[in-house]
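Make the full structure from the sequences, and use the hints.
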Amino acid sequence: MSRRVAAGGVALAALLTAATAGCSSGQSVPGPPAVTVGAAPTSESKLLAHLYSAALGYFGIPTRVHLVPDPVAALDSADVTVAPGLTGELLARFVPHATARADEQVYRSMISALPEGVAAADYTASAQDKPAAAVAAATADRWGAKDVAALPGHCAGLSVGVVTGDAHPARVGDCVLPAAREFKYTASLFDALKAGAVTVAWTSTAAPAAPSGVTVLTDRTALIRAENVVPLYRRNVLAEQQVLALNGIAGELDTVTLTDMIGQVDKGADPAAVAGAWLAQHPLDH
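Residue numbers (this note's numbering): 2 to 287.
Since the hints were made in silico from the structure, they are not lab data. Careful: at least some of the hints might be erroneous.
The calculated DSBU-like cross-link candidates involving lysine-lysine, where the alpha carbons are at most 30 Å apart (straight line), are [stated by the list, open to error]:
1. Lys185 x Lys147
2. Lys195 x Lys268
3. Lys147 x Lys195
4. Lys185 x Lys268
5. Lys195 x Lys185
None of these values were measured; they are calculated from a predicted model.
Given below as C-alpha coordinates:
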(Lines of atoms letter the chains of each structure in order from A and count residues from 1; the text may use other names and numbers.)
(Lines give C-alpha, C1' and ligand atoms only; values in the text may rest on other atoms or scores of the structure.)
Protein backbone atom coordinates (compact mmCIF):
# COMPACT_ATOMS: atom_id res chain seq x y z
CA MET A 1 0.00 0.00 0.00
CA SER A 2 1.35 3.43 -0.93
CA ARG A 3 1.97 6.04 1.74
CA ARG A 4 -0.60 8.36 0.02
CA VAL A 5 -3.37 5.75 0.19
CA ALA A 6 -2.43 4.90 3.74
CA ALA A 7 -2.51 8.55 4.72
CA GLY A 8 -5.87 8.92 3.00
CA GLY A 9 -7.20 5.96 4.93
CA VAL A 10 -6.06 7.48 8.20
CA ALA A 11 -7.69 10.80 7.30
CA LEU A 12 -10.96 9.10 6.36
CA ALA A 13 -10.94 7.13 9.57
CA ALA A 14 -10.42 10.33 11.51
CA LEU A 15 -13.37 11.98 9.75
CA LEU A 16 -15.62 9.00 10.42
CA THR A 17 -14.57 8.96 14.05
CA ALA A 18 -15.35 12.67 14.36
CA ALA A 19 -18.72 12.23 12.68
CA THR A 20 -19.57 9.31 14.95
CA ALA A 21 -18.54 11.31 17.97
CA GLY A 22 -20.76 14.16 16.83
CA CYS A 23 -23.75 11.85 16.51
CA SER A 24 -23.09 10.18 19.85
CA SER A 25 -22.89 13.56 21.54
CA GLY A 26 -26.35 14.44 20.25
CA GLN A 27 -25.19 17.11 17.81
CA SER A 28 -27.27 17.54 14.64
CA VAL A 29 -27.32 19.83 11.66
CA PRO A 30 -29.86 22.58 12.35
CA GLY A 31 -32.84 22.73 10.01
CA PRO A 32 -34.03 25.84 8.19
CA PRO A 33 -35.42 28.62 10.37
CA ALA A 34 -39.18 28.75 10.80
CA VAL A 35 -41.11 31.17 8.60
CA THR A 36 -43.19 33.47 10.79
CA VAL A 37 -46.65 34.34 9.47
CA GLY A 38 -48.27 37.39 11.03
CA ALA A 39 -51.97 37.50 11.92
CA ALA A 40 -54.18 40.24 13.30
CA PRO A 41 -56.62 39.29 16.09
CA THR A 42 -59.59 38.79 13.73
CA SER A 43 -61.12 35.54 12.56
CA GLU A 44 -60.34 36.27 8.92
CA SER A 45 -56.72 37.26 9.49
CA LYS A 46 -56.03 34.29 11.77
CA LEU A 47 -57.62 31.90 9.29
CA LEU A 48 -55.64 33.27 6.34
CA ALA A 49 -52.41 33.23 8.32
CA HIS A 50 -52.95 29.57 9.19
CA LEU A 51 -53.83 28.77 5.57
CA TYR A 52 -50.52 30.21 4.38
CA SER A 53 -48.70 28.56 7.27
CA ALA A 54 -50.27 25.21 6.38
CA ALA A 55 -49.37 25.68 2.71
CA LEU A 56 -45.73 26.25 3.62
CA GLY A 57 -45.84 23.28 5.99
CA TYR A 58 -47.30 21.14 3.21
CA PHE A 59 -43.98 21.55 1.41
CA GLY A 60 -41.98 20.69 4.53
CA ILE A 61 -41.22 24.27 5.54
CA PRO A 62 -41.31 24.92 9.31
CA THR A 63 -43.64 27.78 10.23
CA ARG A 64 -45.29 29.52 13.13
CA VAL A 65 -48.18 31.99 13.30
CA HIS A 66 -47.57 35.11 15.37
CA LEU A 67 -50.47 37.34 16.49
CA VAL A 68 -49.68 41.03 16.07
CA PRO A 69 -51.84 44.17 16.04
CA ASP A 70 -50.77 45.07 12.50
CA PRO A 71 -49.26 42.27 10.38
CA VAL A 72 -48.25 44.63 7.56
CA ALA A 73 -46.33 46.89 9.95
CA ALA A 74 -44.72 43.78 11.47
CA LEU A 75 -43.74 42.67 7.96
CA ASP A 76 -42.22 46.06 7.18
CA SER A 77 -40.15 45.90 10.38
CA ALA A 78 -39.12 42.28 9.61
CA ASP A 79 -40.82 40.93 12.75
CA VAL A 80 -42.74 38.51 10.51
CA THR A 81 -41.94 37.09 7.08
CA VAL A 82 -45.45 36.67 5.66
CA ALA A 83 -48.61 38.72 6.22
CA PRO A 84 -52.09 38.04 4.79
CA GLY A 85 -54.15 40.91 3.47
CA LEU A 86 -56.73 42.17 0.99
CA THR A 87 -55.61 43.89 -2.18
CA GLY A 88 -57.81 46.98 -1.95
CA GLU A 89 -57.10 47.66 1.71
CA LEU A 90 -53.39 47.33 1.07
CA LEU A 91 -53.54 49.67 -1.92
CA ALA A 92 -55.46 52.26 0.11
CA ARG A 93 -52.90 51.95 2.88
CA PHE A 94 -50.02 52.87 0.58
CA VAL A 95 -51.89 55.09 -1.90
CA PRO A 96 -54.93 56.55 -0.10
CA HIS A 97 -56.41 58.22 -3.18
CA ALA A 98 -55.83 55.40 -5.68
CA THR A 99 -58.65 55.06 -8.21
CA ALA A 100 -58.20 51.42 -9.33
CA ARG A 101 -61.23 49.23 -8.68
CA ALA A 102 -61.12 46.06 -10.82
CA ASP A 103 -59.32 42.98 -9.46
CA GLU A 104 -56.24 43.02 -11.69
CA GLN A 105 -55.94 46.82 -11.67
CA VAL A 106 -56.01 46.93 -7.88
CA TYR A 107 -53.47 44.11 -7.60
CA ARG A 108 -51.03 45.72 -10.06
CA SER A 109 -51.39 49.13 -8.43
CA MET A 110 -50.84 47.56 -5.02
CA ILE A 111 -47.65 45.83 -6.16
CA SER A 112 -46.30 49.13 -7.50
CA ALA A 113 -46.96 50.79 -4.15
CA LEU A 114 -45.39 48.19 -1.85
CA PRO A 115 -42.55 49.37 0.41
CA GLU A 116 -38.99 48.44 -0.45
CA GLY A 117 -38.21 44.92 0.68
CA VAL A 118 -41.83 43.73 0.52
CA ALA A 119 -43.33 41.65 -2.31
CA ALA A 120 -46.68 40.02 -3.04
CA ALA A 121 -47.49 36.47 -4.04
CA ASP A 122 -50.43 35.71 -6.35
CA TYR A 123 -53.78 37.15 -5.40
CA THR A 124 -56.79 34.85 -5.14
CA ALA A 125 -59.11 35.91 -7.95
CA SER A 126 -61.97 33.73 -6.73
CA ALA A 127 -61.75 34.69 -3.03
CA GLN A 128 -62.64 38.21 -1.99
CA ASP A 129 -64.02 40.10 0.98
CA LYS A 130 -65.16 43.45 -0.35
CA PRO A 131 -68.07 45.66 0.70
CA ALA A 132 -71.41 44.70 -0.83
CA ALA A 133 -74.55 46.82 -0.88
CA ALA A 134 -77.77 45.17 0.26
CA VAL A 135 -81.28 46.53 -0.21
CA ALA A 136 -84.71 45.27 0.74
CA ALA A 137 -86.06 42.82 -1.82
CA ALA A 138 -88.99 45.18 -2.39
CA THR A 139 -86.54 47.99 -3.19
CA ALA A 140 -84.72 45.83 -5.74
CA ASP A 141 -88.06 44.99 -7.34
CA ARG A 142 -89.05 48.65 -7.45
CA TRP A 143 -85.73 49.61 -9.03
CA GLY A 144 -85.95 46.71 -11.46
CA ALA A 145 -82.29 45.95 -10.81
CA LYS A 146 -80.12 43.72 -8.65
CA ASP A 147 -76.74 45.29 -9.36
CA VAL A 148 -75.02 48.12 -7.52
CA ALA A 149 -74.92 50.04 -10.80
CA ALA A 150 -78.52 51.02 -9.99
CA LEU A 151 -77.47 53.04 -6.92
CA PRO A 152 -76.33 56.23 -8.71
CA GLY A 153 -79.72 56.48 -10.40
CA HIS A 154 -81.39 56.55 -6.99
CA CYS A 155 -78.73 58.57 -5.17
CA ALA A 156 -81.06 61.35 -4.02
CA GLY A 157 -82.69 60.40 -0.76
CA LEU A 158 -80.59 57.30 -0.06
CA SER A 159 -79.97 56.44 3.57
CA VAL A 160 -77.16 54.08 4.48
CA GLY A 161 -76.49 51.71 7.38
CA VAL A 162 -73.39 49.79 8.43
CA VAL A 163 -72.20 47.71 11.37
CA THR A 164 -69.78 49.75 13.47
CA GLY A 165 -66.21 49.19 12.33
CA ASP A 166 -67.04 47.62 8.97
CA ALA A 167 -65.39 49.11 5.89
CA HIS A 168 -67.65 50.74 3.32
CA PRO A 169 -67.13 53.09 0.36
CA ALA A 170 -67.96 56.77 0.52
CA ARG A 171 -69.25 56.77 -3.04
CA VAL A 172 -70.52 54.43 -5.73
CA GLY A 173 -69.88 55.71 -9.23
CA ASP A 174 -70.87 59.37 -9.25
CA CYS A 175 -73.11 58.97 -6.19
CA VAL A 176 -71.55 60.43 -3.05
CA LEU A 177 -73.22 58.54 -0.23
CA PRO A 178 -74.50 60.18 2.94
CA ALA A 179 -72.86 59.43 6.27
CA ALA A 180 -73.78 55.92 7.34
CA ARG A 181 -75.92 55.22 10.37
CA GLU A 182 -74.04 52.75 12.55
CA PHE A 183 -75.49 49.61 14.10
CA LYS A 184 -73.96 47.40 16.75
CA TYR A 185 -75.20 44.13 15.29
CA THR A 186 -75.74 42.78 11.78
CA ALA A 187 -79.21 41.55 12.69
CA SER A 188 -80.22 45.05 13.80
CA LEU A 189 -78.89 46.50 10.55
CA PHE A 190 -80.93 44.11 8.41
CA ASP A 191 -84.03 44.66 10.55
CA ALA A 192 -83.68 48.40 9.92
CA LEU A 193 -83.24 47.74 6.20
CA LYS A 194 -86.39 45.64 5.94
CA ALA A 195 -88.31 48.18 8.00
CA GLY A 196 -87.29 50.99 5.65
CA ALA A 197 -85.21 52.85 8.24
CA VAL A 198 -82.25 52.71 5.81
CA THR A 199 -82.24 52.18 2.05
CA VAL A 200 -78.84 50.50 1.75
CA ALA A 201 -77.09 48.22 4.24
CA TRP A 202 -73.40 47.57 3.75
CA THR A 203 -72.38 43.96 4.17
CA SER A 204 -69.52 41.95 2.65
CA THR A 205 -69.03 39.38 -0.07
CA ALA A 206 -67.53 37.10 2.61
CA ALA A 207 -70.35 37.65 5.11
CA PRO A 208 -72.91 34.93 5.86
CA ALA A 209 -75.95 34.81 3.60
CA ALA A 210 -78.34 37.72 4.01
CA PRO A 211 -81.73 37.00 5.59
CA SER A 212 -84.89 36.54 3.54
CA GLY A 213 -86.34 39.76 2.26
CA VAL A 214 -82.88 41.20 1.58
CA THR A 215 -81.11 41.35 -1.79
CA VAL A 216 -77.33 41.71 -1.94
CA LEU A 217 -76.51 43.64 -5.10
CA THR A 218 -73.92 42.30 -7.50
CA ASP A 219 -71.08 44.46 -8.83
CA ARG A 220 -70.53 43.43 -12.43
CA THR A 221 -68.79 46.66 -13.46
CA ALA A 222 -66.42 46.96 -10.48
CA LEU A 223 -67.91 50.13 -9.03
CA ILE A 224 -66.63 49.00 -5.63
CA ARG A 225 -62.88 48.48 -5.15
CA ALA A 226 -61.69 44.88 -5.27
CA GLU A 227 -60.59 43.20 -2.05
CA ASN A 228 -58.97 39.92 -3.08
CA VAL A 229 -57.04 37.73 -0.67
CA VAL A 230 -53.27 38.12 -1.09
CA PRO A 231 -50.15 37.35 0.98
CA LEU A 232 -47.27 39.79 1.31
CA TYR A 233 -43.79 38.54 2.16
CA ARG A 234 -40.27 39.78 2.83
CA ARG A 235 -38.36 40.02 -0.43
CA ASN A 236 -35.11 37.99 -0.62
CA VAL A 237 -36.10 35.99 2.46
CA LEU A 238 -38.39 33.33 1.00
CA ALA A 239 -37.01 30.83 -1.50
CA GLU A 240 -38.80 30.22 -4.79
CA GLN A 241 -40.44 27.03 -3.50
CA GLN A 242 -41.80 28.92 -0.51
CA VAL A 243 -43.36 31.60 -2.72
CA LEU A 244 -44.85 28.86 -4.90
CA ALA A 245 -46.40 27.37 -1.76
CA LEU A 246 -48.11 30.69 -1.04
CA ASN A 247 -49.25 30.89 -4.66
CA GLY A 248 -50.87 27.49 -4.29
CA ILE A 249 -53.63 28.95 -2.13
CA ALA A 250 -54.60 31.34 -4.94
CA GLY A 251 -55.50 28.44 -7.19
CA GLU A 252 -57.77 26.69 -4.70
CA LEU A 253 -59.56 29.14 -2.38
CA ASP A 254 -62.94 30.71 -3.23
CA THR A 255 -65.25 33.18 -1.51
CA VAL A 256 -67.86 30.60 -0.49
CA THR A 257 -65.25 28.46 1.23
CA LEU A 258 -63.58 31.50 2.79
CA THR A 259 -66.93 32.60 4.23
CA ASP A 260 -67.60 29.13 5.63
CA MET A 261 -64.19 28.86 7.28
CA ILE A 262 -64.38 32.35 8.79
CA GLY A 263 -67.77 31.37 10.20
CA GLN A 264 -66.24 28.28 11.81
CA VAL A 265 -63.53 30.38 13.47
CA ASP A 266 -66.14 32.94 14.58
CA LYS A 267 -67.91 30.10 16.38
CA GLY A 268 -64.77 29.08 18.25
CA ALA A 269 -63.05 26.58 15.97
CA ASP A 270 -59.25 26.48 16.01
CA PRO A 271 -58.09 28.34 12.86
CA ALA A 272 -55.13 25.99 12.50
CA ALA A 273 -57.46 22.98 12.50
CA VAL A 274 -59.86 24.63 10.04
CA ALA A 275 -57.01 25.53 7.69
CA GLY A 276 -55.46 22.07 7.99
CA ALA A 277 -58.76 20.33 7.23
CA TRP A 278 -59.29 22.47 4.14
CA LEU A 279 -55.77 21.83 2.87
CA ALA A 280 -56.23 18.09 3.37
CA GLN A 281 -59.20 18.27 1.00
CA HIS A 282 -57.40 20.58 -1.45
CA PRO A 283 -53.83 19.26 -1.74
CA LEU A 284 -51.41 21.63 -3.41
CA ASP A 285 -49.21 20.59 -6.33
CA HIS A 286 -45.60 19.95 -5.43
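> Holds or violated: are the alpha carbons of Lys195 and Lys185 at most 30 Å from each other?
Replying inline: 17 Å, holds
>> Please verify whether Lys185 and Lys268 have alpha carbons no more than 30 Å apart.
In response: Within the cut-off at roughly 18 Å; holds.
> Is it true that the CA of Lys147 sits at most 30 Å from the CA of Lys195?
Replying inline: 16 Å, holds
> Is the Cα-Cα distance between Lys195 and Lys268 30 Å or less?
Replying inline: 26 Å, holds
> Hey, Lys185 versus Lys147, does the alpha-carbon distance stay inside 30 Å?
Replying inline: 26 Å, holds
The structure meets every hint from the earlier list without exception.
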